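Asker: Each chain is listed here by its residues.
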Amino acid sequence: MDHWKRINNPYDDDKVIDACGLFGMMDTSGGRFSGVDAIAAISNMHERGNGLGGGFAVYGLYPQYAEHYAFHVMYLDEAARREAEALLQDGFRVALAEPVPTRKTRGVQDPPLVWRYFLQMRTQDGQKLSHDDYVLQKVMQINTGVRDAFVFSSGKNMAVFKGVGYPEDIANYFRLEEYQGYLWTAHSRFPTNTPGWWGGAHPFNVLDWTVVHNGEISSYGINRRYLEMFGYHCTMQTDTEVIAYAVDLLMRRHKLPIEIVADVLAAPLWSQIEREDEERIAFHTTLRQVYGSLLLNGPFSVVIAHQGEMIGLTDRIRLRPLTAAVKGNLLFLSSEESAIRLVSPQLDRAWSPMGGEPIVGSLDRPLGKREPVAAALAAT
Amino acid sequence: MSVDTLSQKGLAVRIDANGFHHRELNRLIREAVAEGAQRIDLHGVCGQRYIATNLRSGAEIHIHGTPGNDLGAFLDGSRLIVYGNAQDGCGNTMNEGEIIVHGHAGDIAGLSARGGRIFIREDVGYRAGIHMKEYEGKGPALVIGGTAQDFLGEYMAGGTMVVLGLTLNGGNCHTASFVGTGMHGGVIYLRGQINDYQLGKEVGVSQPNRKDRAILRELVTQFAGHFGFDAEEILAGRFVKLFPLYLRPYGRLYTY
Amino acid sequence: MKSYLPPRFVIDRDAERCIGCQVCVRQCSFDAHAYDGEEDEVRSYDENCVGCHRCAVFCPTQALDIRLNPLSYRPNANWRPEAIEDIIRQSESGGVLLTSMGNDKSYCIYWDHLLLNASQVTNPSIDPLREPMELRTYLGRKPDRVELDPASLSLKTQLAPQVAVELPVLFSAMSYGAVNLNVQESLARAAAEAGTLFNIGEGGLHRKLYQYANNVIVQVASGRFGVHPEYLDAARVIEIKIGQGAKPGIGGHLPGGKVTEDVAQTRMIPAGTDALSPAPQHDIYSIEDLSQLIYALKEATNYTKPVCVKIAAVHNSAAIASGMVRAGADIIALDGLRGATGAAPKIIRDNVGIPIELAIAAVDTRLRKEGIRNQASIIAAGGFRNSADVVKAVALGADAVYIGTAALVALGCTVCQQCHTGRCAWGICTTDPVLSKRVNPEIGARRLVNLLRGWSLEIKEMLGGMGINALESLRGNRLHLRGVGLTDSELEVLGVRLAGR
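Line by line, the protein sequences give chains A, B and C. Position one of the first sequence corresponds to residue 188 (this note's numbering), numbered consecutively onward. Position one of the second sequence corresponds to residue 592 (this note's numbering), numbered consecutively onward. Position one of the third sequence corresponds to residue 597 (this note's numbering), numbered consecutively onward.
Honestly, I wouldn't trust all of these hints.
[As the list claims (entries may be wrong)] Here are the computed lysine-lysine pairs in the BS3-like style, where the Cα-Cα straight-line distance is at most 27 angstroms: (1) A:315 with A:514; (2) B:729 with B:832; (3) C:965 with A:192; (4) B:832 with B:802; (5) C:738 with C:752; (6) B:729 with C:804.
[Stated by the list, open to error] Label-pair distances were calculated between CB atoms; the ranges are: (7) B:615 with A:219: 33 to 43 angstroms; (8) B:762 with A:464: 20 to 30 angstroms; (9) C:680 with A:324: 55 to 65 angstroms; (10) B:615 with A:265: 42 to 52 angstroms; (11) C:744 with A:219: 50 to 60 angstroms; (12) A:281 with C:911: 57 to 67 angstroms; (13) C:732 with B:758: 51 to 61 angstroms; (14) B:615 with A:409: 37 to 47 angstroms; (15) A:412 with C:807: 56 to 66 angstroms; (16) B:615 with C:744: 21 to 31 angstroms; (17) B:786 with A:324: 45 to 55 angstroms; (18) A:409 with C:701: 21 to 31 angstroms; (19) C:700 with A:412: 27 to 37 angstroms; (20) C:807 with B:762: 39 to 49 angstroms.
[Claimed, not checked] In silico contact screen, one side only, chain A against chain B (beta carbon under 7 angstroms); selected entries: (21) 231; (22) 505; (23) 523; (24) 524; (25) 525; (26) 528; (27) 529; (28) 539; (29) 543.
Keep in mind the hints are simulated off the structure, nothing from the lab. Since this is a predicted model, take the numbers as computed values, not measurements. Glycine is no exception: its CB is placed at the ideal position from the N, C-alpha and C atoms.
Looking at chain A on its own, in the form it has when it is part of the complex (with noise of 0.2 angstroms):
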């Protein structure tokens, strides 16, 4: 855990401070989609990134093995891939193993190993343990627990492509045009005080979570005091892992609804719950009171996916950028519009959320043809 500590934040500074630019892109039918659209809107904020780090999470890239546990696991070298392999050959069925494919790419220098595994669980693992609390712990084993190995994803029929690099870059060395999802993020990374290494660029992943995000969080020190009381170790130092993590506290174990979850990160003025019913008075002052310590104070803009569903959240007073748009059933969110213009000039509406309002993108709920987003919002 140290080892990967002291990489991510080798100066030992109170966290990893970085920005950028993002762009998320989801068929809310079910459609899938290859990377080039997502790659092209990225690369055209490449004003927002500076190299030293590019991602992408696709979602439902993987429908042969869609049951499956989709492991990419990146390596320093083959000795950590063969202790790596022992560990996941031990705790799973290995369906398939292999390298991830990649091409040569300027801009990509020294690339880590890649590989990708496709498991599941017998039924002698891990019983005492819901399956996502197994995999999580065989991910923290890896990650912790061999020397130069470090897992990139691990959710099912979802993976996270990631490096250092600009996104173009990473994108081409990982052909990601050769992929077909459902759900794209997308992440151009400008850290200001890492040097930046895989591992430590966006999206960030637990389970099938996947964040991307911007801005930097200043209730950083407390957020993560709170998380780690609920067991979470923010081992990468990073605002996107306490953001990660307080979804997964929020939404799978204490099963609040995004919505709800937004007024727990980005919680409305006192000033704006003295104007409302007393029901409301009292239910959002009951979430402030409860989660306090969970509000994402200062800057940020996120981009949250998982299976299925797609979240674009801002801070409460709107200190980055988000632009949302809708084309039929797809859902665009983004730091800047022109990247969706890039990709989709004729929008059937582009439009910037309010602070604190999340934009939710459902395979549950397809925008189709009706009234788009209003059905969409009205729905969550």
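Fit chains B and C to the known structure of chain A by using the hints.
Answerer: Below, chains B and C without anything else, positioned relative to chain A:
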């Protein structure tokens, strides 16, 4: 790239911006202006920043596509017409000139502008017109056809802002909060409903008087002319005037 | 409401020496002296005295003595007089305590724990009076290597814009409004004569000062006052001001009272209105936004000038500085805990930020570890008192320093911390037309040039002693520093060994 990529027809120049970095694009614009171009049409613009920054000429630049952030930053006399939407920071610290956006604009439109005019056909994002100023005879005008998000006119120190509410569905209230917070100069004319609690505590509300009406008429007529609206119909709506209650909002803040 | 505040100073007027000439009455801008016509006597009012010594210096018979009020509270390590008096002031006003100049608290001044080296036996010291001694420094981004045309071996490398200073001391940002035009003109003339730069601050560049444009650093700060194309074009360096050592993280309010016609013209705002500088620049909420503004300014000036970014030295300065360099800053300016101001909330000035010594060391180390130190120059600011402080800062890793308070002291300032009242009796931190006349730009410039000359000679002496004849050999050369009375952790951050080692 060089100037020969331009197809020069008299004083009108067409530049295909597709794939150009902002530095290249601005260089081409500067070259065209230096050669006397009066009208420049930029096609295929997609996210290039700082278009026409600090350009000192009377040139008219027609932008087709989606220009990037800081469109016309430090603008000093040109006229920019965008056939599409503008992103964040449009007209940042503008000195003179005109920006006309046939669509919406992102956050901080007209930040710290000191002069010139900005017309946005539809909505604007957060903090539009923040810290607009005025100076001697000079004052910026920001006319927003739609509505705005929070912190409209924050810190406003001068100039004129008009918010027409044309994108609000009949009779709907503007939703922006903290309108004019910290305002200590300038004026905002707002068409449509707004509640007191949406206003900064430094903001006064009144009915536009005859002088205000004249200013409104001029700006709304220009707005309507740019975008093909009926000025009279817009002017017939109900306007309120938002103005700073104090020249020195923080006069009592300190202990000397 | 009766004030419970005791006078801070006692004015002793020696009746035998006082000739009743009323010079003190005319010199004091705080009404601490008044002439009583009925009694035909000059009287003093202790409660108004700020301890600036203007009267004592100008009294022709040395009849005046200003002393701290000996009135003592019961000794209490926690409830010291300052704590008590601050509460009294606030309970009588309900406001934010305002103050000025730099942090006056006793936080460790690391300069006083760092000692310089000198050559003995194994290498010779150099006599700067006769041997060449070079202090010239080029500020701006440098590439990592020089490239030659392989055939002709001529230079292929084209450097980003560079600005030379003849000694590593620049005048820090002091805006028109905070100080008056005579002060700025003194600084401008002195900078031009001494071959260095002066920083105009965020209040715009007065017409009269355009003739010194070759030596001016213009600021683009959150208020964007006076920022227009001509201003940017005039600049030698453009500085984006993010923060200031005296008040990290907060904005500023130049009170309307200080915004005279002329100040208003230069700031390009109406006279008499508060000039509000927001806390952040509202187009910079993030590192990539900083990059956006840096390139907006480079684009606006066609890549002809270095862009400097100034921050207050704070906890994560090293990380932030690294980001600034990657965002395109050609120069980074760090303003430490003791950096001064024309007005700041006392609670901020005294409690926010980190000492400049530690910030220089941390930033220089970090940029070197990341291999990007060449890409930006570092200017350090915040409480530099003498040439040894400057030399130590350069040895820690700064390219140059900004001086503000030291320059004002050269003009007469006695650091009485009343800038925020706008009534400076020395005519410095005031725009009052009568008081402003007390600074004569010609004399002011001479005093400043003298100061720079003195420091420059001393710096050469110190360099010569170390056996160095070019400043660049000292820059970041921490082997010429040793620490005394510092903990291991402090030495580690400073990257300096304990004296004796």
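Asker: Per the CB criterion, is residue 543 (chain A) less than 7 angstroms away from chain B?
Answerer: violated, 10 angstroms
Asker: Are residue 505 (chain A) and chain B close enough, Cβ to Cβ, to be under 7 angstroms, as the hint says?
Answerer: holds, 5 angstroms
Asker: Would the hint on residue 525 (chain A) be counted as holding, given a Cβ-Cβ threshold of 7 angstroms to chain B?
Answerer: holds, 3 angstroms
Asker: Indicate whether the distance between the beta carbons of residue 615 (chain B) and residue 744 (chain C) respects the range 21 to 31 angstroms.
Answerer: For residue 744 (chain C) against residue 615 (chain B), whose Cβ atoms are near 27 angstroms apart, the range 21 to 31 angstroms holds.
Asker: For the range 37 to 47 angstroms, tell me whether the beta carbons of residue 615 (chain B) and residue 409 (chain A) fit it or not.
Answerer: holds, 46 angstroms
Asker: Taking the CB of residue 281 (chain A) and the CB of residue 911 (chain C), does the distance hold inside 57 to 67 angstroms?
Answerer: Roughly 46 angstroms apart at Cβ, these two residues miss the hinted range, so it is violated.
Asker: I want to verify a distance hint. Is the separation of the beta carbons of residue 615 (chain B) and residue 265 (chain A) within 42 to 52 angstroms?
Answerer: Distance hint for residue 615 (chain B), residue 265 (chain A) holds at roughly 45 angstroms.
Asker: Hold the hint about residue 231 (chain A) up to the distance rule: shortest CB distance to chain B must be less than 7 angstroms.
Answerer: holds, 5 angstroms
Asker: If you check the beta carbons of residue 615 (chain B) and residue 219 (chain A), does the distance land in 33 to 43 angstroms?
Answerer: holds, 36 angstroms
Asker: Return the status of the interface hint for residue 528 (chain A): holds when the least beta-carbon distance to chain B is below 7 angstroms, violated otherwise.
Answerer: holds, 5 angstroms
Asker: Take the C-alpha atoms of residue 738 (chain C) and residue 752 (chain C), compute the straight-line distance between them, and say whether it is at most 27 angstroms.
Answerer: holds, 14 angstroms
Asker: Holds or violated: the 45 to 55 angstroms window for the beta-carbon distance between residue 786 (chain B) and residue 324 (chain A)?
Answerer: holds, 53 angstroms
The structure fails to meet hints 1, 12, 20 and 29 from the earlier list, while all remaining hints are met.
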